[in-house]
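Residues per chain are reported as follows:
There are 2 protein chains.
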Amino acid sequence: MVIESGMNNAIEEQLLNSAQLIGLDWGSTGLRAFLMGAEGNVLATRASQSGASSLQATASYPSILQQFIGDWFHSGDKKLPILACGMVGSKHGWLDVPYVECPANADALAQRFGAIESVHIVPGLIFNPSNPTVPPDLMRGEETQLVGALQLRPELVEQSCFILPGTHSKWAQIKHGQCLSFATHMTGELYSVLRQHSVLGRLFPSTPSETNHRAENDAFNLGVRAARDDAHLGLNHQLFAVRSLGVTEKMSGAELANYLSGLLIGHEVKAGLNWRRLAGLAQAPLVLIGEPDLCRRYENALAIFDIHNALVLANTAPAGLWNLAKAAKLV
Amino acid sequence: MVIESGMNNAIEEQLLNSAQLIGLDWGSTGLRAFLMGAEGNVLATRASQSGASSLQATASYPSILQQFIGDWFHSGDKKLPILACGMVGSKHGWLDVPYVECPANADALAQRFGAIESVHIVPGLIFNPSNPTVPPDLMRGEETQLVGALQLRPELVEQSCFILPGTHSKWAQIKHGQCLSFATHMTGELYSVLRQHSVLGRLFPSTPSETNHRAENDAFNLGVRAARDDAHLGLNHQLFAVRSLGVTEKMSGAELANYLSGLLIGHEVKAGLNWRRLAGLAQAPLVLIGEPDLCRRYENALAIFDIHNALVLANTAPAGLWNLAKAAKLV
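So the sequences go chain by chain: A and B.
Position one of the first sequence corresponds to residue 1000 (the working numbering), numbered consecutively onward.
Position one of the second sequence corresponds to residue 1000 (the working numbering), numbered consecutively onward.
Looking at chain A on its own, in the form it has when it is part of the complex:
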């Protein structure tokens, strides 16, 4: 278990006295804990790699928590409430908390928390398209980030379009504080499996060496432009260019990796912007939430589609957990 930020015990006791909530962002590949005070300010943060997909048995969840934040459980003689979001609430997590259907706002989520031992769990969201032949879409964890973003930026409540890049990127449509619909793109996972397991990744460098940031950035942009300008051949065809550009020695391995990233993000952004337009959100604020490096790639890609005014927010999960805990009267 990796502890990112340990704390001096003396300070921690002081902090604990003002703590009101323990928030957990417990995804497939990691666990983040936030000790929160009045108004939801984050007093301390810890991170571990004990993601839900690394835990085989539900029995291991309580012991992981005890080991990870057992010293946070009590503030004075008061037991702190614990609220978790993410894949911890899935069928393959600790407790299967049923999805809440779109449209939904923070109150709808807060009314449907799951609870196991002393931990409350935020449900995920399901979007069932009006056309019953179109499959549903799912999120777990991102709904909490959306709640946090709307809390932190009230101007986004009326109408906004969110992009949450990642393994399974989400594009979400907000109207009157409700998430009306959303769409997943498997961008991050496609990049990862193609890099590690396909003929394309064989041409990439195994370790980053002698990087040429300018050339790599150019290659990323070329990939985005290829996706933007593709009239009809599609991603399935364009991916093969990563091989042909390598075999014909038009790009280095590091450039090819960036070209692939550009192609995948470019196709996501192209599809997402069409979806946004059809949802009537072309004039609504566009907001990115995620890791700064990844958000920068998306900003670069959006610029190639002539969009230069996206708002970038860092992790809004703590604000979301706080706000949901308040809506459920846990704090």
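Derived by calculation from the structure, the hints in this document are not laboratory data.
One or more hints might be untrue.
The list makes no distinction among identical chains, and a pair is therefore deemed to hold if it is satisfied within one copy or across any two copies.
Claimed, not checked - No more than 25 Å apart at the CA atoms, straight line, and that leaves these computed lysine to any residue pairs for SDA-like:
1) Lys1249 to Gln1066
2) Lys1174 to Asn1130
3) Lys1249 to Thr1132
4) Lys1090 to Thr1247
5) Lys1249 to Ser1129
6) Lys1077 to Ala1018
7) Lys1249 to Glu1100
Guided by the hints, dock chain B onto chain A, whose structure is given.
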């Protein structure tokens, strides 16, 4: 090494006396040898799993050949010519034989054979789009199948559109006996990496059990239709439905695998038919070459796009090798 069809030595000696050529279809994952008589009739066939990607050193090629078909090398006191096609001629094969540029016909290929030890190797094809910002496309092995198909079916020489499904499916445009252009789709490889290494494959059955062929066929068709009817969200988004349909228990694992196959083939066929139309080949014969089971999937997918008259050809590589050997005066 797996030998598919061994032969009685006595028969083999008779056959050898009438043999004129040894043809090799030496791809990434397998090697097939054809002993051919006058007019290119196949006297004997052998198959092994010693594909080019399993051979680390170029030094291993001659010994593999000796072991595999050493008894075929001589017909009476005459040494038989050997002609190979496929990844054996690539940078990571036995000898890097430069690609021939489209448009190209059998004669153009025959003039540019590589040669190493006593083996001649057919070059692959490269297509450089007229727009220099669009990456080139590549094939190795399929050019020989195209030559064979045009030899076997003269009515296809004037104008035709070929689909060669596989790991890297090729769509090729033929006019006046020349391959004018082609486009690769990574359909087979995407299916394989997503099945084995992504979150999607985790829901599939590890061994086929209690299969319900009707339900699986329906799931395949649903995937093709979803691809056909997708207005703007694209493959990257639609792939996630394989997960959402599994998590919400709308499909069994075996159905999900077929839905994924339908989505990928559906997107290929949709893009390929657009490409065919823009190439002015909408009225030209459409021809499938490949494994019968895979061709059947493509026929089913084409039917969903209202195309019912595709011609299906089995392996045309032997006819291609024979015809190229003739064009190069090896026979």
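Hint by hint, here is what the structure shows:
Proximity of Lys1249 and Gln1066 under a CA criterion of 25 Å is satisfied in neither setting, with 52 Å inside one chain copy and 38 Å between copies. Only within a single protomer do Lys1174 and Asn1130 lie at most 25 Å apart by alpha-carbon distance; the minimum there is 21 Å, versus 43 Å between protomers. Taking the shortest Cα distances, Lys1249 and Thr1132 sit within 25 Å of each other only across copies (12 Å), while inside one copy they are farther apart (43 Å). Proximity of Lys1090 to Thr1247 under the C-alpha cut-off of 25 Å is restricted to the inter-copy arrangement: shortest distance 10 Å between copies versus 46 Å within a copy.
When the C-alpha separation of Lys1249 and Ser1129 is checked against a cutoff of 25 Å, the pair qualifies only between copies, where the shortest distance is 17 Å, while the shortest distance within a copy is 46 Å. Taking the shortest Cα distances, Lys1077 and Ala1018 sit within 25 Å of each other inside one copy (10 Å), while across copies they are farther apart (91 Å). Taking identical chains as interchangeable, the C-alpha atoms of Lys1249 and Glu1100 lie at most 25 Å apart only when they sit on different chains, with a minimum of 16 Å there against 48 Å within one chain.
Taken one by one, the earlier hints fail for this structure only at number 1.
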